[in-house]
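Undergrad: With the hints as a guide, dock the two chains, each given alone in a separate frame, to form the complex.
Each chain is listed here by its residues.
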Amino acid sequence: MRQLTVKGLSAGYRRSDVLSGITFSLDEGEVCAVIGPNGGGKSTLMRAILDLGTRRRGEVRISGSDTSRLTRIEIARLASFLPQEYDCDARLTVREMVLLGRHPHRSSWSMDSEEDVEIAQECMELTGVTKLSDRLFCELSGGERRLVMLASALAQKPSILLLDEPAASLDFRNQIDVWRLLGRLGSLGVSVLASTHEIGIASRFTDRMLALAGGRCLAFGTPGEVCTGEILGEVFGIDLAVAPDGYGGFSVIPMPGDSRR
Amino acid sequence: MKARRMGAPAWIALVVLVLLGVVLSLSCGPMGFPDDWLTIRLRLPRIALALLAGSSLSVSGCLLQGLLRNELATPYTLGISAGASLAAGALILLQPMLPVIVFLGAGCAGALGASFAVWALAGAAGGSDAPRLLLAGVTVNLVGASLLLLIEYFSPASRLIEIIRWMMGDLAAVDATVPAFLTPFVAAGLLLCLPRSGTLNQLSMGDDLAASRGVRVGAERNALLLASSLLAGGTVGAVGPIGFVGLIVPHAMRRLTGSDNRLLLPASALGGMAVLLFADVLSRVVAAPAEIPIGVVMSLLGGPFFLVLLFKEGRRV
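So the protein sequences, as listed, match chains L and E. All residue numbers for the first sequence refer to numbering that gives the first Met the number 0, where the first residue is 0 and numbers rise by one. All residue numbers for the second sequence refer to numbering that gives the first Met the number 0, where the first residue is 0 and numbers rise by one.
Bound-form chain E, shown alone (with noise of 0.2 Å):
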């Protein structure tokens, strides 16, 4: 079998569908097209928002894919946004009404502790292998969930239907705060990767060959986890966990551009923009005038098209 690769006319056709997001975006909800500065400037946070979530959740899909060579690695297989979760969690039934960046922060600091955490137990069971990560990353991923339950459990009614409504993901942005604060988590996630894509290739040959090509695997690979826990903690701390974006839009994309990821992470960002950019508008314009939160869209969307994804390369096989 010959294998194909992304030309140009792919990337102007991905560029093109971030665009047209956009725009689609911008001439959705509630208050109709717009015709005046006013609606605009409402809806331009959430496509900012849309573009930074999307971009930064499948780049850190994309990361952990490599890192751990597995394609089913995501922020949330590896307990990161579990970390996320707990700590913006924990946070709402302290204290709801905290400015945006704590929560952010927060998020943040959770997603570096469940990273720090998933690699300090795979390491105590031996080295840090693709499977002792993985195992270790369910390990913590379940154990944060369970503790969020408790939260949960001791929370008061108002605060719980906080919490309940954060886990399910919201990009409504009501002026350029969420945004303006989730920028610098997202460009330092992408300075720290995007250089490192072509080293990314090499360590997900192994560890030997990466070495022997000259990567300094352990402080590239920490470079590349804190990368990925900037990205998806930042996010999950802002918007809330969505799923299925760092899944299903590396899996596509590498079917475009193949799995060097000099290509495919730039793609998957684009692609993750786009995504979540479509997913934003089903999510107003399906119930309309009520919003369905993000999550559940992208999940609803998500999971059939990944087993489409899924059944159409078995069949190729």
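Isolated chain L, as found in the complex (with noise of 0.2 Å):
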């Protein structure tokens, strides 16, 4: 079944359009790398599938539903979104922050049920931070972080999630592991798109990748339709050369010098 359909999306701040005539689609349990240079609309693209603050056209269906009838809680039950920046209060454990995944299943009164606590316990299970579950957020170190989070738009129980460059600014391991599970979380059906300037880790863990350039999308396919010379030279404005890694993934290799400036 289509998880994430998106067709003839145009984005954008004020006047001017970020992103336009975006077309795609993902099945159920697809995850899919959203590429593209700094500035190239990743973050609008995410923004406007969730019609966050972006003024856009086109249309946007999340499991067969067209998202512009449905209202902002009813987003939240289908899709997640994790941003690249987000407050976070000093005096939150790990466990309150990933509770704080099922505001959009209870009222908001209402405190957490017993079903709300085994769920969010599952989540912390599946990312790997069941033992940091009553230290301090903001105690934790970047990557640990981003696993609680990742835990947090998982208790959403969302079958969609939007993630804007989960893995930026870790350091290679941790990168790994976030890779990892994105791709883990696809194997349970649920549906990943994320943002990244990773092309040869994302390409070992993806099923799709997106690439953005001046606001298009330039292409879309396996990652091995994808990585190729061509298409990420013209993504990043550079010459380059892709191999395959030999594990299934890419490598990116820039040539010397710069001959496109």
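In short, the hints are calculated from the structure, not lab data. Treat the hints with care, as some may be off.
[Unchecked claim] Pair by pair, the computed Cβ-Cβ distance ranges are:
| no. | chain 1 | residue 1 | chain 2 | residue 2 | range |
| --- | --- | --- | --- | --- | --- |
| 1 | L | K130 | E | V14 | 31 to 39 Å |
| 2 | L | S15 | E | A179 | 54 to 62 Å |
| 3 | E | L308 | L | S106 | 53 to 61 Å |
[Said to hold, decoys possible] Here's a subset of chain E near chain L, in silico, CB distances under 7 Å, partners left out:
| no. | residue |
| --- | --- |
| 4 | T38 |
| 5 | R40 |
| 6 | E161 |
| 7 | G197 |
| 8 | G205 |
| 9 | R212 |
| 10 | G257 |
For glycine and all other residues, C-beta sits at the position ideal for the given N, C-alpha and C.
TA: Here's what the structure looks like:
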């Protein structure tokens, strides 16, 4: 079943469009990496799919429902989002942080039900942060925080997960952990749309790649289809070579000199 | 570090503290221990006023701290009470003998006007995020305070004393009029904000995250801001500005409940009641038979108390 369908999506802030005519779709459990240059519209795409403060045209369907006909809370029950920036209170524990993700499934006044606590527990186990559950969130390392926020996004029980650079500024091992986890989520039936600059790592763990450049969708397909020197070179505006890494992914190699500048 | 959370004993202790404050407040005063219904009846409105003002000032502080994601935000830093003071001060200058409901209404209107000005200023400066709101709040606060000074400067001496006296805060109530008029403001404020406590948790995480979890950010933030203005504005209109309650009570309660507003808001309401009751008793006992204004007592006690909390916190981390 199509879990996410984006048709002719244009989005932008104030007068200018950042994105136009984006069309793609994801099946249940497909993990898709969104790649593109800084300012290329990756964050805008996520925000436009959820209709967060961006003006937009076009159609977005999640699990078959047209999101323009859904309320905020109905969208929140279908899709969860991890922005790059968020505030965190100094006194929240990891468990409380994960439980905050249960918000769309209960009334604002009610306390955490046993079901909420159970789901939070499952999600913490899934992302491997159970042993941190009583620690203060703000005392964790960057990598641990990312995994906790992922657990919190999963506690929302979404059918699609939108992640804005979930592995950015993490060390190599943490990056691999995050992408491996995203791959595993796919096998559990959750579709994932995650922006990234780590094309090499992402190509190992994703089913689809979406290349954005100049506000348009330059390519959409399997990592093998998108990861070519021609496409990536156009996306980033430099000369690149792409080689299979021998384990199902691709290595991106910048060419010496910069003939395009 | 493992975080502790408030359990049943702490809640019971809070309630007991409030009850203790009520009993103490009933039994202290220039007439000594009450042995007749008349004295009790004279002291009851005062207790009601302490309960209402204490809970609304501290809950209002909590709301603003959550909305602005800054633990230093209070009705004062945001100019809300400056707006209320300005409106009430102008009224005293024009016509001091107005019925109390007019002062309440003016205080509330001033508070709402100030919060609207803060929101509009921040919006005009590029967005209603926390730092811009705080800056706008500080501006509105300063402008409001200067305008009040201007009013005081042009006031005849008799009115000036009234304004200054009012600025010191006063819980004295002759009969049930003031508490009766304040009650609907406090009730409306609490009814608006308490069911939104979970939403406030989300808003304090940032707009994008809150919206993606189903919160209609703009509408909910306005509702909470309205609640905070009703609570602080009504109270300042009724009893004058009483500082520090909105700052120290939420701060102290956070150490008990953590930052979950579903617990923090009710705990702050109880804590605010207890603090104002005890401060009121002190204000009547220390210089008996004279009374020290409650606003002065709160500032004198609140300042050092807040410093102690800060230092203890600094050492723990």
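Undergrad: Is the interface hint for T38 (chain E) satisfied, with its Cβ closer than 7 Å to some Cβ of chain L?
TA: violated, 40 Å
Undergrad: Taking the CB of L308 (chain E) and the CB of S106 (chain L), does the distance hold inside 53 to 61 Å?
TA: Given about 33 Å between the Cβ atoms, the range is violated.
Undergrad: Are G197 (chain E) and chain L close enough, Cβ to Cβ, to be under 7 Å, as the hint says?
TA: holds, 4 Å
Undergrad: Quick one: are S15 (chain L) and A179 (chain E) within 54 to 62 Å, going by C-beta?
TA: Holds, since S15 (chain L) and A179 (chain E) (Cβ atoms, about 57 Å apart) stay within the stated range.
Undergrad: Interface hint check: G257 (chain E), Cβ to nearest Cβ on chain L, cutoff 7 Å. Holds or violated?
TA: This interface hint holds because 5 Å falls under the 7 Å limit.
Undergrad: Tell me if the interface restraint on E161 (chain E) is satisfied: Cβ within less than 7 Å of some Cβ in chain L.
TA: Violated, about 42 Å.
Undergrad: Checking hints one by one. Is R40 (chain E) an interface residue toward chain L, by the C-beta closer than 7 Å rule?
TA: At 37 Å from the nearest chain L Cβ, R40 (chain E) fails the 7 Å test, so the hint is violated.
Undergrad: A closest beta-carbon separation below 7 Å is what the hint needs, so does G205 (chain E) meet it against chain L?
TA: Cβ of G205 (chain E) sits 4 Å from chain L, so the hint holds.
Undergrad: Between K130 (chain L) and V14 (chain E), does the beta-carbon spacing fit 31 to 39 Å?
TA: At 36 Å between Cβs, range holds.
Undergrad: Answer holds if the nearest beta-carbon of chain L is closer than 7 Å to that of R212 (chain E); otherwise answer violated.
TA: With a closest approach of 5 Å, the R212 (chain E) hint holds.
Violated hints, listed in ascending order, are 3, 4, 5 and 6; each of the other numbered hints is respected by the structure.
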